[in-house]
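Turn these sequences into a full structure, and let the hints steer you where they fit.
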Amino acid sequence: MNKKVNQKVLSLIEYYNLLNMDLLINNSPINRFENNKKLSNGLEKSQQLEELKKMIGSIKNCELKNSANKMVFSDGNINSKIMLIGEGPGAQEDQEGLPFVGRAGKLLDKMLGSINLNRKKVYISNVVNYRPPKNRRPTDQEIERYYPFLKLHIEIINPKILVLLGSTALNAIIGNGKAISKVRGKWIKKQIGICHPHIIASFHPAFLMRQPDQKKLAWIDLKLIREKMKQLNF
Numbered sequence: 001m002n003k004k005v006n007q008k009v010l011s012l013i014e015y016y017n018l019l020n021m022d023l024l025i026n027n028s029p030i031n032r033f034e035n036n037k038k039l040s041n042g043l044e045k046s047q048q049l050e051e052l053k054k055m056i057g058s059i060k061n062c063e064l065k066n067s068a069n070k071m072v073f074s075d076g077n078i079n080s081k082i083m084l085i086g087e088g089p090g091a092q093e094d095q096e097g098l099p100f101v102g103r104a105g106k107l108l109d110k111m112l113g114s115i116n117l118n119r120k121k122v123y124i125s126n127v128v129n130y131r132p133p134k135n136r137r138p139t140d141q142e143i144e145r146y147y148p149f150l151k152l153h154i155e156i157i158n159p160k161i162l163v164l165l166g167s168t169a170l171n172a173i174i175g176n177g178k179a180i181s182k183v184r185g186k187w188i189k190k191q192i193g194i195c196h197p198h199i200i201a202s203f204h205p206a207f208l209m210r211q212p213d214q215k216k217l218a219w220i221d222l223k224l225i226r227e228k229m230k231q232l233n234f
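For the sequence shown, position 13 (counting from the first letter as 1) is numbered 13 according to the working numbering, and the numbering increases by one without interruption.
Since the hints were made in silico from the structure, they are not lab data. Don't take each hint at face value.
Cross-link-like lysine-lysine pairs, in silico, PhoX-like; alpha carbons within 20 angstroms at most [what the hints assert, rightly or not]:
| no. | residue 1 | residue 2 |
| --- | --- | --- |
| 1 | 70 | 54 |
| 2 | 190 | 110 |
| 3 | 160 | 178 |
| 4 | 81 | 190 |
| 5 | 120 | 230 |
| 6 | 189 | 81 |
| 7 | 81 | 45 |
| 8 | 81 | 70 |
| 9 | 120 | 45 |
| 10 | 60 | 45 |
| 11 | 81 | 151 |
| 12 | 182 | 230 |
| 13 | 110 | 216 |
| 14 | 186 | 120 |
| 15 | 65 | 134 |
| 16 | 151 | 45 |
| 17 | 121 | 81 |
| 18 | 223 | 186 |
| 19 | 110 | 65 |
| 20 | 134 | 151 |
| 21 | 178 | 134 |
| 22 | 160 | 121 |
| 23 | 65 | 53 |
| 24 | 70 | 53 |
| 25 | 54 | 151 |
| 26 | 228 | 216 |
| 27 | 215 | 110 |
| 28 | 160 | 81 |
| 29 | 120 | 160 |
| 30 | 106 | 216 |
| 31 | 134 | 160 |
| 32 | 186 | 228 |
| 33 | 81 | 186 |
| 34 | 45 | 121 |
| 35 | 38 | 54 |
| 36 | 121 | 54 |
| 37 | 121 | 110 |
| 38 | 216 | 182 |
| 39 | 106 | 120 |
Listed below in structure tokens is the structure:
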């Protein structure tokens, strides 16, 4: 009898080892997406970006990708020290394959111009690279899935100033769940991979189009960016 019991115990131990006991007793949710995306060694920045673009294009079973027309990867100067991150592509961005080319993009261009910047002086991307259906907000799962690519994107550009446009970009990068109205107008120092950018959050241009009275606060944020550029000598 004891031999039979011991044999059952040994069989159960072997079974649970195969299943990975840590997964069975860990209360944390299982992350089903690989967070340590890596590029080939020795590539130039432009080559790194092309490789990253191919990695994003190879994503499987993604509702965003399956319903979109084009990947929206980036726009601007890859050697810029200022990187802007929005939420995700809209309808016009989905057609053209570039971020911020619709009405919100025109407002963003005016905002940049007010502090003597333009698309040739900054680098622009989004939290997700494909248009969410009906312009909905990306889900938490979608943000989690694309975050490793976004992190790698930031590492490649290695900006000195990182501007987060809207709450989706704020929560994807900072991850604190706070309202952007409580966080904007303040500099945040956070390491992102190998990068140590000065981070500031501000309202998304699409929000400013719906709430034009908030443009005065966005102007304060823009002036803070201009002042930080002076401090960093660029």
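**Prompt:** Any hints this thing doesn't respect? Which numbers, in order?
**Reply:** Failing hints, ascending: 2, 3, 8, 10, 12, 14, 19, 20, 21, 31 and 36.
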